[in-house]
Amino acid sequence: SQQGEEDPQALSIQEGENATMNCSYKTSINNLQWYRQNSGRGLVHLILIRSNEREKHSGRLRVTLDTSKKSSSLLITASRAADTASYFCATDARETSGSRLTFGEGTQLTVNP
Amino acid sequence: EAQVTQNPRYLITVTGKKLTVTCSQNMNHEYMSWYRQDPGLGLRQIYYSMNVEVTDKGDVPEGYKVSRKEKRNFPLILESPSPNQTSLYFCASKPGHLYNEQFFGPGTRLTVL
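Which chain is which? The protein sequence lines are L and P, in order. According to this note's numbering, the stretch in the first sequence is residues 1 to 113, in order. According to this note's numbering, the stretch in the second sequence is residues 114 to 226, in order.
Quick caveat, the hints were computed from the structure, so don't treat them as lab data. C-beta atoms are modelled at their ideal positions from N, C-alpha and C, and glycine is treated no differently. Treat the hints with caution; some may be incorrect.
To be verified - Partial selection, computed: residues in chain L whose CB lies under 10 Å from chain P:
(1) Ile13
(2) Gly16
(3) Gln33
(4) Tyr35
(5) Arg50
(6) Ser51
(7) Arg54
(8) Gly59
(9) Phe88
(10) Ser97
Claimed, not checked - SDA-like mimics (lysine to any residue), calculated; alpha carbons at most 25 Å apart, straight line:
(11) Lys26(L) x Asp151(P)
(12) Lys56(L) x Asp172(P)
(13) Lys70(L) x Ala115(P)
(14) Lys170(P) x Glu114(P)
(15) Lys56(L) x Glu214(P)
(16) Lys170(P) x Ser99(L)
(17) Lys178(P) x Arg41(L)
(18) Lys170(P) x His45(L)
(19) Lys70(L) x Asp172(P)
(20) Lys69(L) x Asn213(P)
Extracted from the complex, chain L is given alone in its bound form (with noise of 0.2 Å):
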């Protein structure tokens, strides 16, 4: 069955309120990166967590990771119109160390101006 799953399929929020979004795996990992995808465009990766880190941030990004429970979140603070994408996790599982990302099924964010 399909590494990385999140949750919700689909968010909608107001201009200026926090999306978060969570991602679950099941094997053990290297790594998590979220990436966005703006409407049936390319991916474009956003920022990664290592096994071994629990939280890290980039602007206005914050991700968490918990190996014990196999989840991860992203959240968004501040959210402006223009971060309307999907979101998708992927994970760098450890026994195919960086030769492969497994996605999951991403989450659909609207950010309603």
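We have chain L already, so just place chain P on it with the hints.
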């Protein structure tokens, strides 16, 4: 400009007519990969290549072929396309398999009638 390019961007074809989707990167990356994206399934890896003449299957390789004769190019070949290969295809690259962030092309939307 550093980028991954794909051609064509859009293609409508018929069942059984062989086609090739090209992928090229100008960043001297060793690692390249192909994904397909389908609604509700996220991105699934088709094939990847760790370097020239080194390719391996991803999660959904059936019905596809690849080659890596030179570093910059990684074409995806559908010898006999079928309607279930209708999808959005992405090529991605990264400097080496131990490097984390992948750089994605703009996507190729393929429809097989």
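Tested hints:
| no. | hint | result |
| --- | --- | --- |
| 1 | Ile13 | violated (22 Å) |
| 2 | Gly16 | violated (29 Å) |
| 3 | Gln33 | holds (7 Å) |
| 4 | Tyr35 | holds (8 Å) |
| 5 | Arg50 | holds (9 Å) |
| 6 | Ser51 | violated (12 Å) |
| 7 | Arg54 | violated (18 Å) |
| 8 | Gly59 | violated (16 Å) |
| 9 | Phe88 | holds (6 Å) |
| 10 | Ser97 | holds (8 Å) |
| 11 | Lys26(L) x Asp151(P) | holds (21 Å) |
| 12 | Lys56(L) x Asp172(P) | violated (30 Å) |
| 13 | Lys70(L) x Ala115(P) | violated (35 Å) |
| 14 | Lys170(P) x Glu114(P) | violated (30 Å) |
| 15 | Lys56(L) x Glu214(P) | holds (16 Å) |
| 16 | Lys170(P) x Ser99(L) | holds (11 Å) |
| 17 | Lys178(P) x Arg41(L) | holds (24 Å) |
| 18 | Lys170(P) x His45(L) | holds (23 Å) |
| 19 | Lys70(L) x Asp172(P) | holds (21 Å) |
| 20 | Lys69(L) x Asn213(P) | holds (23 Å) |
In terms of the numbered hints stated before, the structure departs from hints 1, 2, 6, 7, 8, 12, 13, 14, listed from lowest to highest.
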